[in-house]
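Peer 1: Protein chains in written order, with this note's numbering: chain A, 1 to 290; chain B, 1 to 293.
These aren't lab readings, by the way, just hints derived from the structure by calculation.
C-beta: ideal position from N, C-alpha, C; glycine also.
Some hints here could point you the wrong way.
To be verified - Derived contacts from chain B toward chain A, CB cut-off under 8 Å, selection only: (1) R5; (2) V163; (3) S167; (4) Y234; (5) G242; (6) R255; (7) N256.
What the hints assert, rightly or not - Derived SDA-like pairs: lysine to any residue, alpha-carbon spacing no greater than 20 Å straight-line: (8) B:K227 - A:A271; (9) B:K227 - B:G139; (10) A:K57 - B:H247; (11) A:K57 - B:R255; (12) A:K57 - B:G266; (13) A:K57 - B:Q224; (14) B:K227 - A:I54; (15) A:K57 - B:L120; (16) A:K188 - A:P256; (17) A:K192 - B:D47; (18) A:K57 - B:R124; (19) A:K57 - B:D233; (20) A:K192 - A:H150; (21) A:K217 - B:R124; (22) A:K57 - B:E228; (23) B:K227 - A:L55; (24) A:K188 - B:T121; (25) B:K227 - B:A85; (26) A:K192 - A:L55; (27) A:K171 - A:T98; (28) A:K171 - B:R126; (29) A:K257 - B:K227; (30) B:K227 - A:P256; (31) A:K188 - A:G213; (32) A:K57 - B:G139; (33) B:K227 - A:E32; (34) A:K57 - B:N246; (35) A:K257 - B:E228; (36) B:K227 - A:S103; (37) B:K227 - A:L76; (38) A:K57 - B:R126; (39) A:K57 - B:A137; (40) B:K227 - B:R255.
As a plain string of letters, each chain reads:
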Amino acid sequence: MSFLQVNGLSARLRGAGVPLLRGVSLEVASGEVRGLVGESGAGKSMIGKAILGILPKAVEVTAGEILLDGMDLLVLPPRARRARIGATCALIPQDPLTALNPSRRIAPQIIDRLVDILGWDRGRALARAEELLGEVHIPDPVRVLRAYPHELSGGMRQRILIASAFAAEPKLIVADEPTTALDVTVQKQVLKLIAEMQARHGTALLFVTHDLGVVSKVCDRLSVLYAGLVVEDADVRSFFAAPRHAYSRALLAATPKHTDPAASLVPVPDAVIAAVQDEVAAVDRRARHG
Amino acid sequence: MQLFRAVLLRLATTAVTLSGVALIVFVVIRVVPGNPIAMMLPPGATDADIARLTAQYGLDKAIPEQFFIWASGVLHGDFGVSITARQPVLDLVLGRLPATLELSIMALVIACVLGGAAALTGTRGRGTGAEAAIDIANGVALSIPDFLWGLVLVLLFGVLMPVFHISGRVTPSLDLPFVTNFYLFESVARLRFDLWADIVSHMFLPALALAIPLAAIIGQLLKQSLKETMHLDYVTLARTKGYGENHVILREALRNAVLPTLTLVGVQFTFLIGGTVIIERLFSYEGPGEHGD
């Protein structure tokens with residue numbers, strides 16, 4: 001069975017009742033990379049946040065289950081859920097400039113989980129941190145471990161966050177648009193690094209992105225999301241050969257081609273949007289009528 | 001080296017500021033109505049007496065000349081003699097300054113503890129009734145001035161439930177072996193904890209009265225910065241590591257959120273030293289603030 005299995009996950013805005021996720025199901029096996037693509041606001045990040053237990057207070061989960069190794073996170077009491085997520089999952093955040101605490105040195109930020117949650121002794125954790133920084137190709141790890149975040153570049157910080165995510169040998173990593181905030185040149189290196197680390201550690205990776213080009217490079221399978229609804233779940237090779245859903249086809253056609261930069265961008269046709277919106281409305285009707 | 005230069009520069013600016021303040025205060029005091037000579041003499045003194053005394057104190061000279069005489073005295077360490085108390089000004093101030101400093105420091109410590117606790121509790125329970133209760137308490141604490149808090153505290157803990165002393169700095173019958181006027185510090189240094197307890201019992205209510213409004217400001221500002229910090233990415237990242245609310249607030253958010261509050265506390269402390277007058281009067285606490293007559 002897959003390490004992560006999400007079944008029929010629905011969430012909505014508390015109070016207003018606006019649906020954000022509409023019965024999302026997906027799974028990620030160990031050693032597998034699943035891309036999660038969609039437009040802004042489609043709910044990609046929301047799924048990652050729900051899995052990691054960091055949904056904003058305004059969002060409530062209304063149905064579904066999130067199984068980690070067969071155990072439903074949503075029925076666990078908060079403390080047990082936190083401990084379980086902390087021990088088996090990790091996040092590679094979007095913006096490396098804001099994801100490190102400016103007033104703490106790098107070393108404690110990498111090893112705190114190892115020491116506090118997993119009970120390692122400090123010496124061993126520090127040795128591990130040094131080794132990890134080597135793995136993410138950071139020169140002079142000893143100096144970097146003693147540095148404060150502001151002394152390091154954005155690319156360096158993202159490498160540190162990647163190293164930190166892999167520190168506790170998690171079973172699942174959620175990468176939430178990890179290259180969006182970086183320079184194009186650094187993006188490529190960081191992508192390669194994430195793929196390399198994932199392959200070496202055999203981790204299940206959920207890769208949230210809006211960039212289909214990135215998906216084709218690093219993912220094994222992908223889910224296409226529209227308005228919190230999974231419209232297509234396919235393996236990457238067959239998806240890029242022949243996407244099944246009309247919205248996926250339009251999305252793929254809208255991706256800018258590096259081979260022909262002069263070609264103008266193709267928007268997703270209105271008819272396709274209307275069709276997928278009808279689909280969303282139908283799902284909502286079914287949900288209302290039980 | 002950079003720090004040394006910064007300190008030097010700051011000291012130089014302070015000297016300029018002090019001269020400016022001295023000049024303005026001196027001129028204003030001399031220009032406003034009210035004749036110090038008339039205050040010193042009994043009613044019915046002759047014009048000749050008044051003229052003689054005025055000349056003796058140099059008050060018949062031009063104001064710039066008076067300022068020059070006073071300023072050169074100050075630069076030589078002579079701050080003059082108080083007209084009302086007929087004692088050297090320096091002795092009067094230095095004799096009572098330690099009492100005021102101790103009171104202000106104690107008030108500041110109490111304010112930081114109370115304000116910090118309010119901010120942490122409010123952040124812990126943000127969006128719930130606990131935060132609303134903290135907000136209301138802060139509002140009440142801030143909108144009642146310190147001397148009214150003083151009266152309320154005297155009534156509560158001095159009269160209805162007499163657990164603290166409400167007058168003076170120590171119990172007069174106690175034998176004080178102190179050489180400085182820093183009673184609180186010296187009692188600790190001499191390990192006389194019996195005296196220390198008596199001094200604290202006298203200081204506590206006036207210090208608390210001064211501290212309550214300040215605690216409200218600290219609590220409100222710190223809570224606000226904490227709440228903003230709690231949304232930042234590194235705090236969220238720490239949550240995914242398995243840490244609970246308390247840990248996240250104390251280790252990830254607090255150190256980054258405390259900066260504006262520290263700045264405020266620095267500024268407020270200077271106001272506190274200057275603002276003890278009424279409270280010292282109220283509690284008959286000896287300090288330069290009490291020397292107003």
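Peer 1: Decide, hint by hint, whether the structure agrees.
Peer 2: Outcome of the hint check:
{"no.": "1", "hint": "R5", "verdict": "violated, 23 Å"}
{"no.": "2", "hint": "V163", "verdict": "violated, 40 Å"}
{"no.": "3", "hint": "S167", "verdict": "violated, 45 Å"}
{"no.": "4", "hint": "Y234", "verdict": "holds, 4 Å"}
{"no.": "5", "hint": "G242", "verdict": "holds, 2 Å"}
{"no.": "6", "hint": "R255", "verdict": "holds, 5 Å"}
{"no.": "7", "hint": "N256", "verdict": "holds, 5 Å"}
{"no.": "8", "hint": "B:K227 - A:A271", "verdict": "violated, 44 Å"}
{"no.": "9", "hint": "B:K227 - B:G139", "verdict": "holds, 18 Å"}
{"no.": "10", "hint": "A:K57 - B:H247", "verdict": "holds, 18 Å"}
{"no.": "11", "hint": "A:K57 - B:R255", "verdict": "violated, 24 Å"}
{"no.": "12", "hint": "A:K57 - B:G266", "verdict": "violated, 35 Å"}
{"no.": "13", "hint": "A:K57 - B:Q224", "verdict": "holds, 18 Å"}
{"no.": "14", "hint": "B:K227 - A:I54", "verdict": "holds, 16 Å"}
{"no.": "15", "hint": "A:K57 - B:L120", "verdict": "holds, 19 Å"}
{"no.": "16", "hint": "A:K188 - A:P256", "verdict": "holds, 17 Å"}
{"no.": "17", "hint": "A:K192 - B:D47", "verdict": "violated, 99 Å"}
{"no.": "18", "hint": "A:K57 - B:R124", "verdict": "holds, 14 Å"}
{"no.": "19", "hint": "A:K57 - B:D233", "verdict": "holds, 15 Å"}
{"no.": "20", "hint": "A:K192 - A:H150", "verdict": "violated, 24 Å"}
{"no.": "21", "hint": "A:K217 - B:R124", "verdict": "violated, 43 Å"}
{"no.": "22", "hint": "A:K57 - B:E228", "verdict": "holds, 15 Å"}
{"no.": "23", "hint": "B:K227 - A:L55", "verdict": "holds, 16 Å"}
{"no.": "24", "hint": "A:K188 - B:T121", "verdict": "violated, 45 Å"}
{"no.": "25", "hint": "B:K227 - B:A85", "verdict": "violated, 52 Å"}
{"no.": "26", "hint": "A:K192 - A:L55", "verdict": "violated, 29 Å"}
{"no.": "27", "hint": "A:K171 - A:T98", "verdict": "violated, 25 Å"}
{"no.": "28", "hint": "A:K171 - B:R126", "verdict": "violated, 33 Å"}
{"no.": "29", "hint": "A:K257 - B:K227", "verdict": "violated, 44 Å"}
{"no.": "30", "hint": "B:K227 - A:P256", "verdict": "violated, 41 Å"}
{"no.": "31", "hint": "A:K188 - A:G213", "verdict": "holds, 11 Å"}
{"no.": "32", "hint": "A:K57 - B:G139", "verdict": "violated, 26 Å"}
{"no.": "33", "hint": "B:K227 - A:E32", "verdict": "violated, 38 Å"}
{"no.": "34", "hint": "A:K57 - B:N246", "verdict": "holds, 17 Å"}
{"no.": "35", "hint": "A:K257 - B:E228", "verdict": "violated, 41 Å"}
{"no.": "36", "hint": "B:K227 - A:S103", "verdict": "holds, 17 Å"}
{"no.": "37", "hint": "B:K227 - A:L76", "verdict": "violated, 27 Å"}
{"no.": "38", "hint": "A:K57 - B:R126", "verdict": "holds, 11 Å"}
{"no.": "39", "hint": "A:K57 - B:A137", "verdict": "violated, 25 Å"}
{"no.": "40", "hint": "B:K227 - B:R255", "verdict": "holds, 13 Å"}
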